[in-house]
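In this text, residue positions in the sequence shown follow our numbering: the first is 1, and each later residue adds one.
Think of the hints as simulated: they come from the structure by calculation, not from any bench. Backbone N, C-alpha and C define an ideal beta-carbon position, used for all residues, glycine too. One thing to keep in mind: the hints can contain errors.
Stated by the list, open to error - Computed cross-link-like contacts, DSSO-like style, restricted to lysine-lysine with a CA-CA straight-line distance of at most 27 Å:
hint, residue 1, residue 2
1, Lys114, Lys30
2, Lys21, Lys114
3, Lys511, Lys67
To be verified - So the derived label-pair ranges between C-beta atoms look like this:
hint, residue 1, residue 2, range
4, Gly228, Arg471, 36 to 44 Å
5, Glu156, Ser602, 40 to 48 Å
6, Gly231, Arg38, 41 to 49 Å
7, Asp36, Val497, 42 to 50 Å
8, Ala604, Gly378, 39 to 47 Å
9, Ala508, Gly131, 17 to 25 Å
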Amino acid sequence: MNAASPAPRRVRVRAPELVGKGGWLNTGGKELRLADFRGRVLILDFWTFCCINCLHVLDELRELEEKHRDTVVIVGVHSPKFVHEAEHQAVVDAVERYGVEHPVLDDPELVTWKQYAVRAWPTLVVIDPEGYVVAQHAGEGHAHAIGRLVEELEAEHAAKGTLRRGDGPYVAPEPEPTVLRFPGRALALPGGNLLVSDTTRHQLVELEGDGETVVRRIGSGVRGFVDGAAGEAGFSEPQGLALLDEGAVVVADTVNHALRRVDLATGAVTTLAGTGRQWWQGSPTSGPAREIDLSSPWDVALFGGRVWIAMAGVHQLWAYDPAAGTVEVTAGTTNEGLVDGPGSEAWFAQPSGLAATADRLWLADSETSALRWVDPDGSVHTAVGTGLFDFGHRDGPAGQALLQHPLGVTALPDGSVAVSDTYNHALRRYDPATGEMTTLATDLREPSDAVLVGDDIVVVESARHRLTRLRLPEEAVRVESVAHRTQRAATDVAPGVVRLDVIFQAPAGQKLDTRYGPSTRLLVSATPPELLLAGEGAGTDLSRELELNPAVGQGVLHVSAMAASCDDDPAGGTSRSKTGGDHPACHVHQQDWGVPVRLTPSGADRLPLVLAGMDA
1 MNAASPAPRR VRVRAPELVG KGGWLNTGGK ELRLADFRGR VLILDFWTFC
51 CINCLHVLDE LRELEEKHRD TVVIVGVHSP KFVHEAEHQA VVDAVERYGV
101 EHPVLDDPEL VTWKQYAVRA WPTLVVIDPE GYVVAQHAGE GHAHAIGRLV
151 EELEAEHAAK GTLRRGDGPY VAPEPEPTVL RFPGRALALP GGNLLVSDTT
201 RHQLVELEGD GETVVRRIGS GVRGFVDGAA GEAGFSEPQG LALLDEGAVV
251 VADTVNHALR RVDLATGAVT TLAGTGRQWW QGSPTSGPAR EIDLSSPWDV
301 ALFGGRVWIA MAGVHQLWAY DPAAGTVEVT AGTTNEGLVD GPGSEAWFAQ
351 PSGLAATADR LWLADSETSA LRWVDPDGSV HTAVGTGLFD FGHRDGPAGQ
401 ALLQHPLGVT ALPDGSVAVS DTYNHALRRY DPATGEMTTL ATDLREPSDA
451 VLVGDDIVVV ESARHRLTRL RLPEEAVRVE SVAHRTQRAA TDVAPGVVRL
501 DVIFQAPAGQ KLDTRYGPST RLLVSATPPE LLLAGEGAGT DLSRELELNP
551 AVGQGVLHVS AMAASCDDDP AGGTSRSKTG GDHPACHVHQ QDWGVPVRLT
601 PSGADRLPLV LAGMDA
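Model the full assembly from the supplied sequences, consistent with the hints where possible.
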């Protein structure tokens with residue numbers, strides 16, 4: 001079955017029980033079972049808090065969650081990629097950090113993930129009021145399709161008498177009275193004060209040089225996209241900060257998909273770049289900054305006269321030109337992975353931290369647990385890191401060193417860089433002169449950034465809600481080396497010819513959007529490249545024969561799929577499509593899979609990946 005298949009009569013499969021060793025969050029301490037949701041439409045959101053696509057889906061679901069509050073229950077099933085994400089307190093923190101307002105099952109051992117045969121973060125599973133799975137969706141862009149399905153299920157089960165309306169099981173946690181709440185970034189201001197992005201409270205906070213005394217808050221504290229005076233302006237989970245000039249700061253306003261400008265004299269906020277909408281495949285990649293969509297800008301840095309942007313949401317680097325008022329892509333293909341070379345050919349994986357020196361733009365590439373840099377000519381290099389599935393805490397030569405999901409990087413006076421090694425709770429140092437990685441400090445709770453202040457370095461301890469001042473040590477801390485690979489089990493596949501099927505069924509009332517040519521895209525590659533003897537590259541058919549090399553025992557298949565669908569009846573209403581313009585309401589569905597595979601004679605000769613629908 002592929003993109004051309006008509007939507008079949010709805011398939012129903014009995015939903016497995018919800019099991020997780022970490023227990024339940026946002027329920028007031030109550031343990032829940034699948035039977036507790038009987039009579040409601042249940043949507044399971046399989047997510048992990050490192051994953052930018054998962055954070056996008058959290059935002060996509062907010063409107064649906066509110067609209068169908070008396071019939072729909074969303075349950076997040078937290079399924080970790082990194083070792084740190086299996087820690088229960090880290091999940092508790094993430095649920096608050098990202099404003100998750102529904103129950104969450106903490107499943108550190110991936111028990112429920114395996115029971116539901118999930119293969120990717122994020123994946124949404126829809127369960128009807130009688131306890132049957134009726135749809136599965138991987139990736140982003142499915143909220144509209146799920147909304148249509150929910151309306152069908154509401155009508156169907158109201159008629160059968162199996163729909164139960166009422167309040168859901170969500171219980172809000174008690175707010176904590178800290179000065180900062182999951183701060184993201186810090187910036188030293190010309191006058192000696194510090195500006196901090198107070199991310200979870202949707203504000204910026206200016207502190208005195210002690211890092212504790214509040215001078216002022218910028219932003220209303222309510223999630224929004226509003227320009228205006230300091231007390232009226234609205235941000236949405238702001239992150240990166242950089243001095244635009246002596247009188248202004250540029251802010252990566254992450255969930256608003258925008259760059260904002262803050263006037264340091266008045267605190268007034270204006271928008272420099274972005275529309276408030278998320279960039280999707282097919283959207284423009286350059287042009288007037290206020291007219292171009294962005295995607296989760298996470299950090300900003302001034303390099304070569306332009307503001308470079310770590311565009312975490314699409315695995316690219318972009319740049320804003322203050323003089324011309326334009327933005328453009330500077331590096332990255334939108335494919336997720338670790339590939340060096342010319343900027344137009346490089347692959348990134350959620351670039352999250354930037355730091356500029358005279359001749360390098362340093363980059364924390366979080367999902368590959370890598371430290372990388374860009375030359376003035378735009379070419380991309382890797383100092384530390386090997387790919388999407390290897391991480392740990394290991395010092396030594398760069399070729400052996402390991403990080404775990406770093407979010408920040410800071411240039412040091414001696415030409416080395418400090419790395420905020422977030423999931424290792426450490427501050428690390430890389431010296432390009434020697435090619436060595438060392439550890440400067442440990443026991444820092446999810447450090448996300450650091451800034452030099454005189455002879456000290458001030459670390460943003462995001463999960464301790466504070467700034468911590470350290471004296472830069474002359475000697476590195478010694479730590480016990482540890483290496484990890486992701487907990488995901490490899491899929492057993494047969495060597496030789498394997499059929500890859502990406503399952504996509506257009507939502508009810510929609511059809512594939514072929515107005516501008518093929519409406520689907522499939523891109524396949526592998527790590528190591530030798531794993532694929534045939535089947536690599538781009539195409540428009542969502543099914544493909546792959547030939548896997550029997551001489552390569554295991555590896556990772558990288559599969560990227562996209563499908564666009566529009567309302568079947570233009571008279572049924574219009575809205576602005578993802579690709580721009582006023583047309584019948586159109587929706588882009590997309591997902592990147594990294595599928596660890598192990599070649600074995602008894603393995604499967606078919607690999608199904610569900611983008612939307614059910615694999616019949």
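Hints and how they fare:
no.: 1; hint: Lys114 - Lys30; verdict: 24 Å, holds
no.: 2; hint: Lys21 - Lys114; verdict: 14 Å, holds
no.: 3; hint: Lys511 - Lys67; verdict: 25 Å, holds
no.: 4; hint: Gly228 - Arg471: 36 to 44 Å; verdict: 41 Å, holds
no.: 5; hint: Glu156 - Ser602: 40 to 48 Å; verdict: 41 Å, holds
no.: 6; hint: Gly231 - Arg38: 41 to 49 Å; verdict: 47 Å, holds
no.: 7; hint: Asp36 - Val497: 42 to 50 Å; verdict: 45 Å, holds
no.: 8; hint: Ala604 - Gly378: 39 to 47 Å; verdict: 42 Å, holds
no.: 9; hint: Ala508 - Gly131: 17 to 25 Å; verdict: 21 Å, holds
In the structure shown, no violation is registered for any of the earlier numbered hints.
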